[in-house]
Amino acid sequence: MFGNLSDRLSDTFKSLRGKGKLSAADIDETLRDIRRALLEADVALEVVKTFTGKVRERALGDEVSKALNPAQQVVQIVNDELKAILGGEARKLAFAKNPPTVIMLAGLQGSGKTTLAGKLAKWLKEQNHTPLLVAADLQRPNAVTQLQVLGEKVGVPVFAPEAGNGTGDPVKVSRDAIDFAKKSQYSVVIVDTAGRLGVDQEMMQQASDIRDAVSPDEILFVVDSMLGQDAVNVAKAFHDGVGVSGVVLTKLDGDSRGGAALSVATVTGAPILFSSTGEGLDAFEPFYPDRMASRILDM
Amino acid sequence: IRSLFGAPVDREDLEDILIRADFGVEASVEISEELKREANRQGASSDAELRLLLKDLLAKKLTRSDSALNLASGSLPYVILVVGVNGAGKTTTIGKLSKWLRDGDWSVVLGAADTFRAAAVEQLGTWADRSGSTLVRPEREGQDPASVAYQTVEVALSQNADIAIIDTAGRLQNKKDLMDELGKIRRAVEKQAQIAEVLLVIDSTMGQNAMAQAKAFTEVAEVTGIVMTKLDGTAKGGILYSLQSALDLPVKLVGVGEGINDFAFFSPEEFAKGLVAYKS
Ligand SMILES: Nc1nc2c(ncn2[C@@H]2O[C@H](COP(=O)(O)OP(=O)(O)OP(=O)(O)O)[C@@H](O)[C@H]2O)c(=O)[nH]1
Ligand SMILES: Nc1nc2c(ncn2[C@@H]2O[C@H](COP(=O)(O)OP(=O)(O)OP(=O)(O)O)[C@@H](O)[C@H]2O)c(=O)[nH]1
Ligand SMILES: [K+]
Ligand SMILES: [Mg+2]
Ligand SMILES: [Mg+2]
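Read top to bottom, the protein sequences are chains A and B. Here the working numbering is used: position 227 in the first sequence is 1721, and no number is missing along the way. Here the working numbering is used: position 200 in the second sequence is 510, and no number is missing along the way.
Hints listed in this document are in silico derivations from the structure and should not be mistaken for laboratory results. The model shown is predicted, which means the values in this text are computed figures rather than measured ones. Glycine included, every Cβ here is placed at the ideal spot set by N, Cα and C. Keep in mind that a hint or two might mislead.
[Stated by the list, open to error] Anything over 12 Å on all C-beta distances counts as not near chain B; from chain A, calculated:
1) 1578
2) 1623
3) 1747
[Unchecked claim] Heads up, simulated DSS-like pairs for lysine-lysine below, C-alpha to C-alpha not over 30 Å straight-line:
4) A:1586 <-> A:1548
5) A:1666 <-> A:1647
6) B:501 <-> B:525
7) A:1616 <-> B:346
8) A:1677 <-> A:1647
9) A:1543 <-> B:346
10) B:562 <-> B:365
11) B:494 <-> B:409
12) A:1543 <-> A:1577
13) B:485 <-> A:1647
14) A:1647 <-> B:494
15) A:1591 <-> A:1548
16) A:1619 <-> A:1676
17) B:486 <-> B:371
18) A:1730 <-> B:486
19) B:501 <-> A:1647
20) A:1577 <-> B:485
21) A:1543 <-> B:583
22) B:494 <-> B:583
23) A:1586 <-> A:1647
24) B:365 <-> B:525
25) B:409 <-> B:346
26) A:1619 <-> A:1677
27) A:1666 <-> A:1677
28) B:583 <-> B:365
29) B:365 <-> A:1543
30) A:1730 <-> B:409
31) B:371 <-> B:346
32) B:409 <-> A:1616
33) B:346 <-> B:583
[Said to hold, decoys possible] Example chain B residues on the side facing chain A (calculated, C-beta under 10 Å, incomplete):
34) 332
35) 334
36) 399
37) 427
38) 435
39) 453
40) 483
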């Protein structure tokens, strides 16, 4: 709409060129461009505010005033700070000392949980784990069937004692699944849960009951990369209501700028572990903070 | 729809409030400037006055004459094509809409032209059962969705049905092949019937990417109306303002839950009222 951030910044910097030193006013002008770029990338406003505050503080310091090219230095700071929030090295999945390792998936409706369950199952199986999928979404029409179809595709069994569509107790299913996994010596249990809104207290309670029933080693918060300003509310709700040990960003094969990544990482403080990049069951990779930083900044 | 305000309205904060509601920077600046001008003109300054002013301003700007579902022009069956990105709420919206139509004694045929997503056909089948509609399923797995769409219209014609609603697979707007497929589905339908509506389903938790979605889907599928889903959450759905004003696409329906009755026709007045309400 307004050209990407590099274009805008280079316009700003053009007018600054030759000055050598950046004044506080110059820096504020630059920060306005950055603020706008972040908002257009759907970074939540309060996150933008803290972020630009931090950048401003650093930009006013020595590293910029003494830099050969102060403008470039500001961009470098923005990049550094973004990467710091998005995480350094991608953390690996945590495995339990005593199997089974339990991975619980949680998130808003339609974010990509069930698809991710299939992807994780396939990926883990390829690494010689023996995963078990658990159909604990008994809410959404045919969520159980969906998981069964995916399980069959990747050759991983699905624990699905209830047909769902509004019947059955997902907490009991989850608890029974762990007993079953122990007895049958599965090494990893992946619990697919129903999509829920952060404000839905009953459903959030159910999620925390499932958590208590399965004692997960990982609670993966599955987030659609197209998410807008609501990302902060949603992340807070899941962080407080269920707890988040890691984040998975989905639908990164789209053309969204993905500012939600920054919002969610800031609010939960949890690392982003994986990117989901398609509907196919192989479309799944580690998360790369530097790529994400460029994507958000549109550079 | 939840209120925009956690605290009394402050003229200076208005732009931020709108940005937080996904109106986007441009529209937020535009609306808050206009509100300030209007407030000065009328000498409005109290919290209550500003809320009322904002409500009226938004309701006026959001009101348009083409927001009703087209169930009157052309010949039966009215064909409704439902499109959108992955997980937006297409299939659920079809379930709700067909229940509403069935309650109004329209006969409805649902076409499961999402032949891709795992259990998508079964999911639509559940909604067909719940709403009392006829389901047209693919004859084999992975069947060409355009041919399912064609068969759906064929069944609707042979049953003298009033409405045929075609569910399509979710697709991200930057996938050219998948987008082209929508054109193919359109043309398959048009061999036997006119298309009354192409509804683009937008998840209101989405941010500015909704604009890119609307542009791309309009180009290939000639969208006639927007459905904003998931407005029962904390997302405000402010993007619908730009969808209507910048892209000239009417919002027709809203989704407010996962239940079969959780939808409504879009009312600018109700939407604006919800945004400025005291209780959230
Ligand atoms: N393009 C793309 N589509 C995805 C990705 N992940 C999931 N999807 C699609 O998004 C839609 C929703 O995915 P699901 O896995 O059913 O999402 P969910 O979170 O389980 O949804 P609920 O159970 O209804 O809350 C489906 O059409 C998936 O194929 C991704 O990374 N990229
Ligand atoms: N809270 C809430 N959830 C909704 C609403 N509409 C749909 N959903 C949920 O969102 C998820 C996705 O809905 P679907 O109807 O399967 O979405 P879709 O667009 O058909 O998805 P794909 O076919 O996979 O692209 C499901 O869990 C629905 O129950 C709504 O208005 N409010
Ligand atoms: K929104
Ligand atoms: Mg699911
Ligand atoms: Mg669907």
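Practice prompt. Verify the interface restraint on residue 332 (chain B): the C-beta must sit less than 10 Å from at least one C-beta of chain A.
Written response: Holds. Min distance 4 Å.
Discussion item. Tell me if the straight-line CA distance from residue 1543 (chain A) to residue 583 (chain B) falls inside 30 Å.
Written reply: OK: residue 1543 (chain A) and residue 583 (chain B) at ~28 Å, within 30 Å.
Discussion item. For residue 1730 (chain A) and residue 409 (chain B), compute the direct alpha-carbon distance and say whether it is at most 30 Å.
Written reply: With a Cα-Cα distance of about 35 Å, the restraint between residue 1730 (chain A) and residue 409 (chain B) is violated, given a limit of 30 Å.
Worksheet item: Holds or violated: are the alpha carbons of residue 409 (chain B) and residue 346 (chain B) at most 30 Å from each other?
Response: violated, 44 Å
Discussion item. With the threshold set at 30 Å, check whether the alpha-carbon distance from residue 1591 (chain A) to residue 1548 (chain A) stays at or below it.
Written reply: violated, 39 Å
Item to complete: Classify the hint on residue 427 (chain B) as holds or violated, based on whether any CB of chain A lies nearer than 10 Å to its CB.
Response: Status holds, d = 7 Å.
Worksheet item: Is residue 346 (chain B) within 30 Å of residue 583 (chain B), Cα to Cα?
Response: holds, 19 Å
Fill in: Per-residue hint verdict: residue 435 (chain B), partner chain A, C-beta under 10 Å
holds, 8 Å
Discussion item. Can you confirm whether the C-alpha distance between residue 365 (chain B) and residue 525 (chain B) stays at or below 30 Å?
Written reply: Holds - the C-alpha atoms of residue 525 (chain B) and residue 365 (chain B) are around 28 Å apart, at most 30 Å.
Discussion item. For residue 1677 (chain A) and residue 1647 (chain A), compute the direct alpha-carbon distance and say whether it is at most 30 Å.
Written reply: holds, 24 Å
Worksheet item: Is the straight-line distance between the alpha-carbon of residue 562 (chain B) and that of residue 365 (chain B) 30 Å or less?
Response: The given pair, whose Cα atoms are some 19 Å apart, holds under the 30 Å limit.
Discussion item. For a C-alpha distance cap of 30 Å, please report whether residue 1666 (chain A) and residue 1677 (chain A) respect it.
Written reply: holds, 17 Å
Going through the hint list in order, the structure does not satisfy hints 3, 7, 15, 17, 18, 19, 22, 25, 30, 32, 39.
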